[in-house]
Amino acid sequence: MNPELLAKYEPVIGLEVHAQMLTKSKAFCTCSTEFGAPPNSRTCPICLAHPGTLPMLNENLVRYIARMGVATNCQIRERSIFARKNYFYPDLPKGYQISQYETPICHDGWVEAELPAGDFKRIGITRIHMEEDSGKSIHDFGVDTLVDLNRAGVPLIEIVSEPDMRSSDEGYAYLTAIKSFVTYLGICDGNMEEGSLRCDANVSVRVRGADKFGQKTEVKNLNSFRNVKLAIEAEIERQIGLLESGGTVKHETMLFDANKGITRPMRTKEEAHDYRYFPEPDLLPVTITAKYLEEISKELPELQRVRRDRFINDFGLPKYDADVLTVDKAMADFFEDAISNLGLKSNDLIKSISNYLMGDVMRILSENKTTIQSLGLEPKHLADLISLVADKTISNKIAKDLLPELIGSKLSPNEIVAQRGMAQVSDEGALRDAVKATLANNPDNVAKYKSGKTNLFGFFVGQTMKAMNGKANPTLLNEVVKEELEKL
Amino acid sequence: MVSAFETARTINTKYNCFLEVFEDGRYSPLPGKLNGMTVAIKDVLALKDARLTCGSKFLENFTSLYSATCVERLRLAGAVFIGKTNMDEFAMGSSNENSAYGAVLNPYDVTRVPGGSSGGSAVAAATGAARLALGTDTGGSIRQPAAFTGTVGLKPTYGRISRYGLTAFASSFDTVGTFSRTLEDAAIALEVMAGSDPHDATTATAAVEEYSLGLKKDIATLRIGIPKEYFGEGIEPDIREAVEAARKKFENAGCTIVPVSLPHSKYGIAVYYILTTAEASSNLARFDGIRYGKRSKDSETLLETYVRSRSEGFGPEVKRRIMLGTYVLSSGYYDAYYKRAQKVRRLIKEDFTKAFAECDALLTPTTPTTAFKLGDKVTDPLAMYLNDIFTVNANIAGVPAISIPIGLDRNGLPIGAQLITNDFEETNLFALAKEVITELRIEN
Chain A
0 MNPELLAKYE PVIGLEVHAQ MLTKSKAFCT CSTEFGAPPN SRTCPICLAH PGTLPMLNEN
60 LVRYIARMGV ATNCQIRERS IFARKNYFYP DLPKGYQISQ YETPICHDGW VEAELPAGDF
120 KRIGITRIHM EEDSGKSIHD FGVDTLVDLN RAGVPLIEIV SEPDMRSSDE GYAYLTAIKS
180 FVTYLGICDG NMEEGSLRCD ANVSVRVRGA DKFGQKTEVK NLNSFRNVKL AIEAEIERQI
240 GLLESGGTVK HETMLFDANK GITRPMRTKE EAHDYRYFPE PDLLPVTITA KYLEEISKEL
300 PELQRVRRDR FINDFGLPKY DADVLTVDKA MADFFEDAIS NLGLKSNDLI KSISNYLMGD
360 VMRILSENKT TIQSLGLEPK HLADLISLVA DKTISNKIAK DLLPELIGSK LSPNEIVAQR
420 GMAQVSDEGA LRDAVKATLA NNPDNVAKYK SGKTNLFGFF VGQTMKAMNG KANPTLLNEV
480 VKEELEKL
Chain B
0 MVSAFETART INTKYNCFLE VFEDGRYSPL PGKLNGMTVA IKDVLALKDA RLTCGSKFLE
60 NFTSLYSATC VERLRLAGAV FIGKTNMDEF AMGSSNENSA YGAVLNPYDV TRVPGGSSGG
120 SAVAAATGAA RLALGTDTGG SIRQPAAFTG TVGLKPTYGR ISRYGLTAFA SSFDTVGTFS
180 RTLEDAAIAL EVMAGSDPHD ATTATAAVEE YSLGLKKDIA TLRIGIPKEY FGEGIEPDIR
240 EAVEAARKKF ENAGCTIVPV SLPHSKYGIA VYYILTTAEA SSNLARFDGI RYGKRSKDSE
300 TLLETYVRSR SEGFGPEVKR RIMLGTYVLS SGYYDAYYKR AQKVRRLIKE DFTKAFAECD
360 ALLTPTTPTT AFKLGDKVTD PLAMYLNDIF TVNANIAGVP AISIPIGLDR NGLPIGAQLI
420 TNDFEETNLF ALAKEVITEL RIEN
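Protein chains in written order, with numbering that gives the first Met the number 0: chain A, 0 to 487; chain B, 0 to 443.
Check each hint, because a few of them may be wrong.
Derived lysine-lysine pairs resembling DSS-like cross-links, with alpha carbons at most 27 Å apart [said to hold, decoys possible]: (1) A/K7 x A/K211; (2) A/K135 x B/K296; (3) B/K342 x A/K84; (4) B/K318 x A/K84; (5) A/K350 x A/K396.
These aren't lab readings, by the way, just hints derived from the structure by calculation.
Working from the sequences, and respecting the hints, build out all of it.
As structure tokens, this is what we get:
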């Protein structure tokens, strides 16, 4: 779209984020929340809504949402109640979802989102409330729709932001901050692709300088960080295009089509809901005492920005490294775990671990679309590998070759190096013999070298290294080659 | 010797009070304080591996995977389960004519209703088919049929007995209770079933008393409140006289009689039918034809599956209440109906709190009339609803109440008196009831 047109309008964006809580059991029964179990194997009469069953509140859900509320500067209500949100759907066993309506447990908070330029913007949080997830309807089995209720009743929190964002970048930055909070608090794994973090965007545009917000639409189906950004951009452009051609924006729900990069309206039939909210009579109000909040504050873990600063100060990491390593709590945990396994904790070695993680390891992660937790690489093995380079047992080159082999390996790098005889040769006698052999095998090049072609020095080093299967200590090899060439 | 199960089957052929009488020996008693007491279970309560129909076609073939807490506690204390009793569909009704499995007949006059919704349990207890029959009381569904069948009908405090395993009609009103011929059986059963339950967050932690000791308690120091709103027009003269006689008995026993007022009582029926239908419309949403129960054949679409399964599975009264409840919760009407009714509910609760500052128990008729004829009120839902005029307020306020037989009217039909106390004062209910009860025994 014409940049002048884009500049004429100001987008206004608010995000609604659902985060699946990492409690062991469901919100209102004792069924496991384990992901990937056989369909309907994690169900009981309660989450199947059999007659006579009643919800039992999982106390950890309250604990987790209180953590999020405290961490995001929210007001926490002393007394909040659950409400029923009534609608029929095959994956909603009770015919209503237990949620919160008029009294969300957390409200009026804020987070600081870090923008691409490195400055921060405060984004208001309207409310955070507790609710239960629905099951899954599976439509790709011929004509039948199948229902899997393993997810039915898994606890969620919904985080609703103020309409404080003015660009897709700000939306992205806010979502990044939310992910960082939930993962650092240990309440959600933050995986958008698997649906444990879900996001809907409320988007409107107004002519710059206008007082009132434009008509908003809700954009759904945003299943990755990238798609959140792209969908917001697509919807902004659609709305501007509509307004510029004399049309008006309607209040409707849009779906993002990631293949075409456009948003299109959802069928309006599905919007005509009257949820008939009313207080849930089967559960008592949730009361939060000052003492409880004090406990929660005490158990709050170190959050991302604090940890990043600590990485810079304690380990001498550049800010860039500290940022990259702390975005994902699991990566930062891995990094620190590896450091604790270093024999010698010098800043050089720590930086070396950082380089390996940001380079080879992250490349492997993105190639295999996996996470550091499920990769199968032991932090200790990475630390050992780097120590082997540091004490010159192996070269950096060998270390890089060895890294992929450590994934899923029971053997430590030391054991692999020993088993395969990969240790560097630092024995001067052995090196000298090898160099002599190289010189003896290449009389022509020796002659050229003597006649002044000194750039053949590298050739002799390379040939010797090759003959020794790359295991020669490179520094020592250089010295010996130099000495032997001088003797000629 | 004729087994209890066989006796129950014979009685059932006369009055249609059971939906299922269990095979002889299906349940044998564990050792315990109930010592083999025979118990009939209203078919709205879950018993593991037994059918649970709630008097509805919708659940015709549904078998429960678990037992209600109250049922399990009785089993562990030595009860023998005789069968599941007939009832108004999903406990909605006051005559037991709303059962999908046929009306229950009143053993005092088979042309009359036994009351509802726990009519089957009332008749099971009245006829001795079971010594104890479990019922549920949302607006009078134990006390009104108890009055019509000459039995003791106890509705304890809301939260006194766990609702886990009670198919919900109106969650904030539903209360498990009992029918029996004697106060002793009601008291011992309450001792067994009462108490907090992790499966029901609304159960109370208040200590469970030895209610049977209440039967020996001296009542001379207790004050009996006579609420004027419960003695207005429309009460049959025989009932008025019998309750007046009960009042005199209390006076003779040394009780102080105190006139009291519950000024918001007249709003009870309106509040009740707004709030209970609202909750019911949500509670019955799970009967959707997807996971269990009725699923209409030949439905092409999801919407058709919902509409047809529910249209075919539910009877007219259930549909009426679901529609009423859906209406009062709808956007635009919520404030005018649901929210307003909640406010009046608080006023009614305050009425009781104030009254119990002046007295220890209230004495009222249970019903304005004795058992009416089958078919008399089926075409007039409002007349049917007004049958609960004296019973609904105890459910609105959550306070405990009991209906006890105090004699027969000129047609030989039982008359019930109601006693109401403050929360968790069931002991006083038993002590006072003992003073005025006339135990009745219908011959089969």
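Checked hints:
1. Among the hinted pairs, A/K7 with A/K211 is consistent with the structure: their alpha-carbon atoms are about 15 Å apart, no more than 27 Å.
2. Between A/K135 and B/K296 the CA atoms are separated by roughly 24 Å; this keeps the pair inside 27 Å, and the hint holds.
3. At most 27 Å may separate the alpha-carbon atoms for a hinted pair to count; B/K342 and A/K84 meet this at roughly 21 Å.
4. Distance check on the hinted pair: B/K318 and A/K84 sit about 20 Å apart at the alpha-carbon level, within 27 Å; holds.
5. Distance check on the hinted pair: A/K350 and A/K396 sit about 17 Å apart at the alpha-carbon level, within 27 Å; holds.
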